[in-house]
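Novice: Take the given structure of chain A and dock chain B to it, following the hints.
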Amino acid sequence: MLRAEKLVAGYVGAPVLHEVSIEVRPGEVFCLLGANGAGKSTTAKCLAGVLRHAGGRVFVDDVDVTQATANERVARGVSLVPEARHLFGRSTVRDNVILGAWTRSRSERAASFDRVMETFPQLPRLLKRRARDLSGGEQQMVAIGRALMANPRYLILDEPSLGLAPIYVDTILQQAAGLARQGVGVLLIEQNVGKALAVGHHAVVLETGRVALTGTAPEIATNPLVVDSYLGGIA
Amino acid sequence: MSTFLQVTFAGMSIGALYMLVALGMVVTYQVSRVESLAQGVYVVYGALVFTTLHDSRGLPLVVAVLGSLLACALIAVLLYFLALNRFAARGSGPVIMMLGGALLFQEIARRFWGLNDRGATPWLPSDPIHVLGATVLPHSLLMWAGTAVLVGLGFVLFERTMLGKALRAAADDVEGARLVGINTRLMQFISFQVAALYGAGAGILLVPIMPFGWTWVFPLAVLGAVGAIGGRWEYLPVAVISLSIGLFASYAGSYVSTAWQDVYIYGAFILILLLLREDKRAGSRRGWRARVGIGAPAKGNRAALGLS
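If you read the protein sequences in the order shown, they are chains A and B.
For any residue, its number in the numbering used here is found by taking its place in the first sequence, counting from 1, and adding 64.
For any residue, its number in the numbering used here is found by taking its place in the second sequence, counting from 1, and adding 68.
Chain A extracted, bound-state conformation (with noise of 0.2 Å):
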C-alpha cells in the first residue's frame, strides 16, 4: 500500500497541504479529485520524493520512505507521470523508453520494453522520433510508458488527459483500469472527474489543501457536493 499520514507542504510562505492523508492499495484506482489549486499535485509531488514535504510520512508498503528521495522511491515501486510530462525531449522516444528502466537489469528492461510496446501498440512506429516533436497525446503515452518501464507498483498519474483529444482520454484512462487490473496501484489525479470515477475504486476530494470528502468512487460519484461541483449537477 502507498500511503501518505497527514502530509504538510507547501511553497515558500504558501502552505498548500494541511494534514493530508490517503491509502492507494495494489490493484485499484484512486482518484484524487479537487478544483485547481486544491493541492492534488503538490501530493502527487510529495509521494514521488519529487517535493519535500514539512510534516507528515509517506510509506510505501509499510515501509517509512518519509526521507528517500525521488530516484530512491523509484527504486522502491513509486513511479510519478507529472503533469508537465518532462520527457527528455532531445532524446528520442527509444532512449525516453529505456530510462525509465535505468533502476533496473538489462534483462528485466527488454522485457519491460517489449511490455510496454505491447500496452501502447501506437509506440514503436514512433522510436526514432524525438520527443519534443511529438504531439501532447503521443508524449503523454511516452511518459506513461517510460514509467511503466519501472515495472512500478504503484503509478501517480498526475492530469493524464491534459490538453488531450477526447479519443486519447479515454485509452489513457482505459489503460490505467488496465493496469490496476494487473496489480498496479494507480493514483489518478485527474480534471475530467465523471471519466475518473467511472475507473476508480475509491478516491478523495481535496478542498484547499485538505480531504473533504473521502470514499468509494460511486459514492463520491453521486455525493451532491460533488454532482453539483464537478458534475455540472448530473448525478
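Errors might be hidden in some of the hints.
Stated by the list, open to error - The calculated lysine to any residue pairs, modelled on SDA-like cross-linking and capped at a C-alpha distance of 25 Å, are:
1. A:K192 - B:V331
2. A:K192 - B:L221
3. A:K192 - B:R300
4. A:K192 - B:V224
5. A:K192 - B:M230
6. A:K192 - B:S124
If you are wondering where the hints come from, they were derived from the structure by calculation, not from laboratory data.
Specialist: Frame of chain A; chain B shown alone:
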C-alpha cells in the same frame, strides 16, 4: 605545399588541445549547467604532475600517467563541491566558484612549480617523420590519436551507453531524470570527472612537445569557451569549431604575425558573438543566450540539488 602542411600539423596539435578543453567545458555545462572556467586547471595539472612524477621522480610512464589522472580527478572532486554546494548553487554562484577555484589552483601551481613553463622529456623517439616535405613528431601523432580516442570515447559514451543517455537526460530535464530514478547529483559529479579526464589527457599528451605552466590556466579556459560557445555547446560542432580555431591560429601565426595570433582568435570570438546576436535579431525569439542556457541556469542548478 610543405610549409602549408607543416603549419597545418602545428594547427592540428593546438586544435586538439583546444578541442579537449572545449569538450570538457561542454560536458560540464550540458550535465551540470556550470560554465567550467577551471577547465585549464586540469590541463596544466595533468601536464605538470606528469612531468614531476615521470621526469623529476623517475617513476614509470604508466604510474606517472595514472598519478596525473588521479590528481586531476581529485581536483575535479574539489571543484564539484566548490561549485555545486547548496550555498553556491544559485544565480551566477557556480561560475564565480569555478573562477575562484581556477585562481586558487593557478596560485598553487605558481608556488609549487615556479614561474617558468615546464615540458616533459619525450618518451617516444624524437626523430621527426617526413610527410610530403613536412615533418611531424611522433608525439604529435600520439596527440592526434589520443585526442581522437578521447573524443570518440566521449561520443560513444553519450550516444551508445545507458550512462551516457542518463547524463544527457540529466542535462535535458533534471526533474524528469529524477523521476526515472537517475541520481542527478551523481551525473553532475561524473560530468566533472569526464571533464577532468579530457583536460588531464590533453596535458599529458601535449607536455612532451609543449611546455606548460601556471600562466596557461586562464588562456586555456577562454580558448575553450570560444570553441564551446562557437559550437553552441553541442558535442560534435564544438569539436569541429575548436579544431578550426587551432588551425586558424596556426595559419594566422605563420602567414601573418605570431605576435597577433591571440588577437585573431579573440577577434574571431567577438565575431562569433556578434553573428549569434545578429541571428537573434534576425528572427530568433529567445536569443542565443537563452538557447545555450546562459543567464538562465540558476533554477536548473537549484533544481538539480533538490533545492527548488
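Novice: It remains to establish, for every hint, whether it holds in the given structure.
Specialist: Structure-based check of all given hints:
1. A:K192 - B:V331: Roughly 44 Å between the alpha carbons, so the hint for K192 of chain A and V331 of chain B is violated.
2. A:K192 - B:L221: Since the Cα atoms of K192 of chain A and L221 of chain B sit roughly 23 Å apart, the hinted pair holds (cutoff 25 Å).
3. A:K192 - B:R300: With a Cα-Cα distance of about 24 Å, the restraint between K192 of chain A and R300 of chain B holds, given a limit of 25 Å.
4. A:K192 - B:V224: holds (18 Å)
5. A:K192 - B:M230: Roughly 17 Å separates the two Cα atoms, so the pair holds.
6. A:K192 - B:S124: Cα-Cα ~54 Å, so violated.
Hints 1 and 6 from the list above are not met by this structure, while the remaining hints are.
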